[in-house]
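Can you build the whole structure from these sequences, using the hints too?
Throughout the sequence shown, residue numbering follows the working numbering, covering 2 to 319 in sequence.
Honestly, I wouldn't trust all of these hints.
If you anchor each label on the Cβ, the simulated ranges turn out as follows [said to hold, decoys possible]:
#1 V48 / G166: 27 to 33 angstroms
#2 T231 / L89: 52 to 58 angstroms
#3 H6 / F38: 36 to 42 angstroms
None of these hints come from the bench; they were simulated from the model.
We put the CB at the ideal spot given by N, CA and C, even for glycine.
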Amino acid sequence: MNNIHITASTDLVTTPAARRSGFLEYALRRNKESIPFIDRAKALKAVLEVHTQSPNDLLTLINIRESLLEASGISVKAKAHLTESDKLGLLNDFIEKILLPSGKAYIDEVVYRYLLTSGDALGGKMRNIVGSIAKEKLTRFIISQLQIADTQFSYLDKKLRSTPGEQLGVEDIDTIKAIRWSNKNNQQRILIFDTNVPPVKKNIDIVLLNDAIVTDAPKIQDLKKLLETTVHYLAIGELKGGIDPAGADEHWKTANSALGRARTAFAGKLPLLFVGAAIEQAMAGEIFSQYQAGELANCANLTSDDQLAALCEWLVRL
2 MNNIHITAST DLVTTPAARR SGFLEYALRR NKESIPFIDR AKALKAVLEV HTQSPNDLLT
62 LINIRESLLE ASGISVKAKA HLTESDKLGL LNDFIEKILL PSGKAYIDEV VYRYLLTSGD
122 ALGGKMRNIV GSIAKEKLTR FIISQLQIAD TQFSYLDKKL RSTPGEQLGV EDIDTIKAIR
182 WSNKNNQQRI LIFDTNVPPV KKNIDIVLLN DAIVTDAPKI QDLKKLLETT VHYLAIGELK
242 GGIDPAGADE HWKTANSALG RARTAFAGKL PLLFVGAAIE QAMAGEIFSQ YQAGELANCA
302 NLTSDDQLAA LCEWLVRL
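Right, here's the structure in full:
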């Protein structure tokens, strides 16, 4: 087996200490991400205090109408589907049914409801950030393996701009779309994150290929052409960063489904891997069973640095 730190299903189970640490990390990040929402609520309150005397005055505040609509419960996405007439009607209903009955407390009512809608937006943002945090950690560990092996590499950002690895800064980690390097046998490698895999007809989190792109500045069509050719694939895998045990089983089902489709598409000949942060006992048994049977070539709990480092060392050697 390819990960020396996994010898039993229990090795994969997320420990209570790791779970607490994960929740704390996400809570701190959520607090940081909430600051702009809170600042906007304060700004909204200041405008209302200066420019309104009653709820009906809100109709005259054209410059902040979009924010007032959010306070009425309309999300940013929902607003895109509404006409100006729809918006005005909703704002009138909000004033008549919610704000007028609030009397002098109408400003507080607007601010509280604006924060409620902002909370939904923050929740959506945090779901994306959870995935980003997981990808950032995996990226750091892969790059560390390349660095300690003194392997020259470059990386592509989300606009496919190429940068030499020696210029990589900590602040650049979350911008990385792909990493390129040559192994000891001078074979070209490219690891792409979160990309569509045509043979599977689905986005896959981790895709390692023989890098047959000759240019240092590839275009999107170069990557697409590479991804369409099955012989270029060396390994693919799924990454699930959520730490909440309540969603662990669903995350594994989603990942397992994608890996199953990949197994079928590549006739069981392509190494598959799984990395997850929230791994409970039952799913750990399933993962380990697939690992023992060779259906998974490698696996790791994202919260275990030893397991993740071993997986990344194996990955960059392929």
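Status of the hints after comparison with the structure:
1. V48 / G166: 27 to 33 angstroms: violated, 48 angstroms
2. T231 / L89: 52 to 58 angstroms: Holds, at about 55 angstroms.
3. H6 / F38: 36 to 42 angstroms: At 40 angstroms between Cβs, range holds.
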